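Asker: With chain A fixed as given, assemble chain B onto it according to the hints.
Given next are the chains, with one letter for each unit.
There are 2 protein chains.
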Amino acid sequence: MRVRVLDADTGDLRVVLVPKNIALANGLRGGSRVKVVGNSRYVTAWVVVSGEEGEEVLLSKSVSTVLGNPKEIELSTYSVVPSVDYIKKKLKGVKLSEDEIRSIIKDVTSGVLGDAEIAAFVAAQTSVGMDVDEIVSLTRAMVETGNVLRFEEPAHDIHSIGGVPGNSKVSIVAVPIIASAGVFIPKTSSRAITSPAGTADTMEVFAPVSFTEEEVLELAKKVKGFIIWGGTLNLAPADDILIRVEHQLKLDPTSQMVASILSKKLSMSVSNLIIDIPTGREAKVESIEEARNLSSLFVQVGNKLNLSVRCAITYGGQPIGYAIGPALEAREALETLMGNGPMSVKEKAVALAGLVLEVAGVAPRGSGRKVALEIFESGKALQTFLKIVEAMGGNPRVKPEEIPLGRYKAEVKAPIDGYVTGVYNGALSRIAMAAGAPQDKSAGVRLYVKRGHKVKEGQTLLEIYSNSEALLDEALKLVDVLKPITIEGMLLETFPEYL
Amino acid sequence: MRVRVLDADTGDLRVVLVPKNIALANGLRGGSRVKVVGNSRYVTAWVVVSGEEGEEVLLSKSVSTVLGNPKEIELSTYSVVPSVDYIKKKLKGVKLSEDEIRSIIKDVTSGVLGDAEIAAFVAAQTSVGMDVDEIVSLTRAMVETGNVLRFEEPAHDIHSIGGVPGNSKVSIVAVPIIASAGVFIPKTSSRAITSPAGTADTMEVFAPVSFTEEEVLELAKKVKGFIIWGGTLNLAPADDILIRVEHQLKLDPTSQMVASILSKKLSMSVSNLIIDIPTGREAKVESIEEARNLSSLFVQVGNKLNLSVRCAITYGGQPIGYAIGPALEAREALETLMGNGPMSVKEKAVALAGLVLEVAGVAPRGSGRKVALEIFESGKALQTFLKIVEAMGGNPRVKPEEIPLGRYKAEVKAPIDGYVTGVYNGALSRIAMAAGAPQDKSAGVRLYVKRGHKVKEGQTLLEIYSNSEALLDEALKLVDVLKPITIEGMLLETFPEYL
Numbered sequence: 105m106r107v108r109v110l111d112a113d114t115g116d117l118r119v120v121l122v123p124k125n126i127a128l129a130n131g132l133r134g135g136s137r138v139k140v141v142g143n144s145r146y147v148t149a150w151v152v153v154s155g156e157e158g159e160e161v162l163l164s165k166s167v168s169t170v171l172g173n174p175k176e177i178e179l180s181t182y183s184v185v186p187s188v189d190y191i192k193k194k195l196k197g198v199k200l201s202e203d204e205i206r207s208i209i210k211d212v213t214s215g216v217l218g219d220a221e222i223a224a225f226v227a228a229q230t231s232v233g234m235d236v237d238e239i240v241s242l243t244r245a246m247v248e249t250g251n252v253l254r255f256e257e258p259a260h261d262i263h264s265i266g267g268v269p270g271n272s273k274v275s276i277v278a279v280p281i282i283a284s285a286g287v288f289i290p291k292t293s294s295r296a297i298t299s300p301a302g303t304a305d306t307m308e309v310f311a312p313v314s315f316t317e318e319e320v321l322e323l324a325k326k327v328k329g330f331i332i333w334g335g336t337l338n339l340a341p342a343d344d345i346l347i348r349v350e351h352q353l354k355l356d357p358t359s360q361m362v363a364s365i366l367s368k369k370l371s372m373s374v375s376n377l378i379i380d381i382p383t384g385r386e387a388k389v390e391s392i393e394e395a396r397n398l399s400s401l402f403v404q405v406g407n408k409l410n411l412s413v414r415c416a417i418t419y420g421g422q423p424i425g426y427a428i429g430p431a432l433e434a435r436e437a438l439e440t441l442m443g444n445g446p447m448s449v450k451e452k453a454v455a456l457a458g459l460v461l462e463v464a465g466v467a468p469r470g471s472g473r474k475v476a477l478e479i480f481e482s483g484k485a486l487q488t489f490l491k492i493v494e495a496m497g498g499n500p501r502v503k504p505e506e507i508p509l510g511r512y513k514a515e516v517k518a519p520i521d522g523y524v525t526g527v528y529n530g531a532l533s534r535i536a537m538a539a540g541a542p543q544d545k546s547a548g549v550r551l552y553v554k555r556g557h558k559v560k561e562g563q564t565l566l567e568i569y570s571n572s573e574a575l576l577d578e579a580l581k582l583v584d585v586l587k588p589i590t591i592e593g594m595l596l597e598t599f600p601e602y603l
Numbered sequence: 105m106r107v108r109v110l111d112a113d114t115g116d117l118r119v120v121l122v123p124k125n126i127a128l129a130n131g132l133r134g135g136s137r138v139k140v141v142g143n144s145r146y147v148t149a150w151v152v153v154s155g156e157e158g159e160e161v162l163l164s165k166s167v168s169t170v171l172g173n174p175k176e177i178e179l180s181t182y183s184v185v186p187s188v189d190y191i192k193k194k195l196k197g198v199k200l201s202e203d204e205i206r207s208i209i210k211d212v213t214s215g216v217l218g219d220a221e222i223a224a225f226v227a228a229q230t231s232v233g234m235d236v237d238e239i240v241s242l243t244r245a246m247v248e249t250g251n252v253l254r255f256e257e258p259a260h261d262i263h264s265i266g267g268v269p270g271n272s273k274v275s276i277v278a279v280p281i282i283a284s285a286g287v288f289i290p291k292t293s294s295r296a297i298t299s300p301a302g303t304a305d306t307m308e309v310f311a312p313v314s315f316t317e318e319e320v321l322e323l324a325k326k327v328k329g330f331i332i333w334g335g336t337l338n339l340a341p342a343d344d345i346l347i348r349v350e351h352q353l354k355l356d357p358t359s360q361m362v363a364s365i366l367s368k369k370l371s372m373s374v375s376n377l378i379i380d381i382p383t384g385r386e387a388k389v390e391s392i393e394e395a396r397n398l399s400s401l402f403v404q405v406g407n408k409l410n411l412s413v414r415c416a417i418t419y420g421g422q423p424i425g426y427a428i429g430p431a432l433e434a435r436e437a438l439e440t441l442m443g444n445g446p447m448s449v450k451e452k453a454v455a456l457a458g459l460v461l462e463v464a465g466v467a468p469r470g471s472g473r474k475v476a477l478e479i480f481e482s483g484k485a486l487q488t489f490l491k492i493v494e495a496m497g498g499n500p501r502v503k504p505e506e507i508p509l510g511r512y513k514a515e516v517k518a519p520i521d522g523y524v525t526g527v528y529n530g531a532l533s534r535i536a537m538a539a540g541a542p543q544d545k546s547a548g549v550r551l552y553v554k555r556g557h558k559v560k561e562g563q564t565l566l567e568i569y570s571n572s573e574a575l576l577d578e579a580l581k582l583v584d585v586l587k588p589i590t591i592e593g594m595l596l597e598t599f600p601e602y603l
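Taken in sequence, the protein lines are chains A and B.
The opening position of the first sequence corresponds to residue 105 in the working numbering, with each subsequent residue numbered one higher.
The opening position of the second sequence corresponds to residue 105 in the working numbering, with each subsequent residue numbered one higher.
The following block holds chain A by itself, in its conformation from the complex (with noise of 0.2 Å):
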């Protein structure tokens, strides 16, 4: 059948719209899936059937794309799809071979399974949970189903699990601190998804993030490190349509976010990673137990898959530094390499990147915060950022002032004397979205005040930026409701109460 791209923008949602002779001659009904195949390759689609005849079949840019923009494709319909029937053997509490979880993955990629079947699957996920065996599965599958890149010397690297607003500028640091010493580390990362900042939003304050895979070669050559935004290298792919039926759901099982986390590892040919495992109140680990747990799970399904993992639990129990969103995170990360940042941002880039130098044997064992710390202090790391800056086509001379910050600025001040006693993560990074981070970059949230930090009346607790009023506004009425920083004032209570 011969095809047309729809004059239309329907986003991730896939659509074919079938003349209705065409429809007939191929008892195609409408709202029914259909499988397209087109350039070798197949991708499920709804159907809408035209009121009108005609002889092409239009498809929606998110299916032509997929294919690869065919001239013509051909659509049949589904009969049994085996995977259906794996998603149900694990939601009775079975556990499922390689081949059937290889088989679920296939059809995620390839979009045979849709919504309905994904949601089952990361539901099974969520209630009956998975064994290691099934993650190392899990994890090769979607490796698998994707493209890995390969370099010509061994690849490091470190990830943060996340959950902890500030963190996006930890990598920042740490990646050229890493680079410096001559050990090569290709971070691919992420953008938010529920959080004001990935660290491919704040690196892209500095430089672009989207490579293809020829650049990400070329690049490799010229630097030890960069930081670049994995979306556009076809990495784990099934990992993209899980995490965004994840986010719908707002569900995110362990054995999803360790097979999630591995994969786009292993899709970058690293075998030696760090992984930073926030812990605390509002964290996504709240406790050190299940902190354990989860890096032991980490070091298992890694070394079944030929990657050493060693696991930092380190403290997120507040936000990371004081600046929450791209720019601002920007701004102090820069400032941190020039020596003028946040002890906690420095000391935990230090501390991770030690723990690669380690594990790459550039440090002894023991010594590689030390070592670490040497090359942040010698001012190297600075210079290596700015080279990698520069490498990427961003503007190695960047200020960290010259950094464009959000044109309407509120602040929040405390309302009496006494000590900060609570700075909340799940509130500051609401707060900062609302104000328009990741999307606008110099939107977000400059804290002033951590935890025990005692506090004047009328002193600056934090400042919201956002280039929209509007947005400006929301934000500091999610203030006004989510009680970002908790103050106690001296005088906690009297006895009696009156007089």
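Any given hint could turn out to be false.
For chains that are exact copies, the list does not tell them apart, and a pair is met inside one copy or across any two.
[Claimed, not checked] Below 25 Å or equal to it, Euclidean Cα-Cα: the simulated PhoX-like pairs (lysine-lysine) are: (1) Lys-175 - Lys-196; (2) Lys-581 - Lys-139; (3) Lys-325 - Lys-450; (4) Lys-139 - Lys-354; (5) Lys-517 - Lys-326; (6) Lys-165 - Lys-124; (7) Lys-196 - Lys-354; (8) Lys-139 - Lys-503; (9) Lys-196 - Lys-558; (10) Lys-139 - Lys-124; (11) Lys-193 - Lys-354; (12) Lys-139 - Lys-165; (13) Lys-484 - Lys-581; (14) Lys-354 - Lys-192; (15) Lys-210 - Lys-354; (16) Lys-175 - Lys-503; (17) Lys-484 - Lys-450; (18) Lys-325 - Lys-408; (19) Lys-210 - Lys-199.
No wet-lab data here; the hints were simulated from the structure.
What you are looking at is a predicted structure, and each value in this text was computed from that prediction instead of being measured.
Answerer: Showing chain B alone in chain A's frame:
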């Protein structure tokens, strides 16, 4: 915003096509979901942004119909949907409150929850399950979100949980027996979802089965019983949506099945219900213990909803009677009412009708079957059935042999002399469906043998009917693959095996 109806068939898929200028002004992205409000009702739909500008939003028929064909609508994006959190809670194993379940069902009905969220809810019921309180809440919520018909006299009903081919004709024989005794039985039934014939499909061979609420109330004044399709009456509409997703996922969790059946009956103001639980190999329920547990669950949930329920555990290890498919089953039902049908169909119908006569108080306890049999053998049930057919707009002079069967017919013969050792439900259903049932009413399978029968080589085991030669071929291929009937020779083995 002004609207028009989109000249295209999207089936159940809900789409709004928004001109790009309107999308821009309202911040709507292609592929996102939007709340469409019109005529004080609302529904969720997928956004497609047109490549052209315009002043009107185009609604798919599926959207326009639900909103009662509005002239103007408002579009708004969703923010927080609490029911998503409740589904997550259930997946994590927590019992849900009545309010939480009501919130989920409301959002299912209005379309706020999409296929992914509904799939997760069905998955949670499969893997975690629900207790009696939760099923009561689920049933109540499903009734509340739909229409309830009220009659002038107490309503009784019989309902089979299904799963056995050939079962759709049993109600057609039982309902007129019950109505002949003066007991009111306003039976609503479903069309086949995963089987070759639903009771509504088979009844439709005799008369129209789609009626408005007013027509149903009129019908109830003319006849004591009828068999209609529930689909046009907006009874527990959440059920239809949930069933569609269950079917897609091939899941059928017990809690949803119980709520589904009871909610439809409560929506018809039924106060006494007999539930048929066919039990045996390849039926929905395979063991007597399972059947007893399910019976107890139905009774407990029913009691909490003021619905008196009695369950009949019946033999379901092979098809009921000899006919599978709407027209074949209609013929067999009519033959049975005329006294020329298989003993098994008559026995099952008489037994179920007898239970209704007992709970309705028109037969003393223990003598329901006897009273039902007398009515059946007197010919009253046949007369009543033909009156029902006439009241529903069908032909009261219908003859079994005049009911048209498929133009093409194939016979399957016994390959050897021997005994029939297996007649398989699943295989026979799939063969009848491959031949075109239930869409092609005259397609199906006629059996000539049941388990235990003695057969001679070359004797006909079954006939397949279809209106399409291609489909008949498909069905015959399935016979080879699925082996719906097994025959074992008289000589089972020799010793020694070879001479």
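Asker: So which of those numbered hints doesn't the model satisfy?
Answerer: 1, 3, 5, 8, 9, 13, 16 and 18
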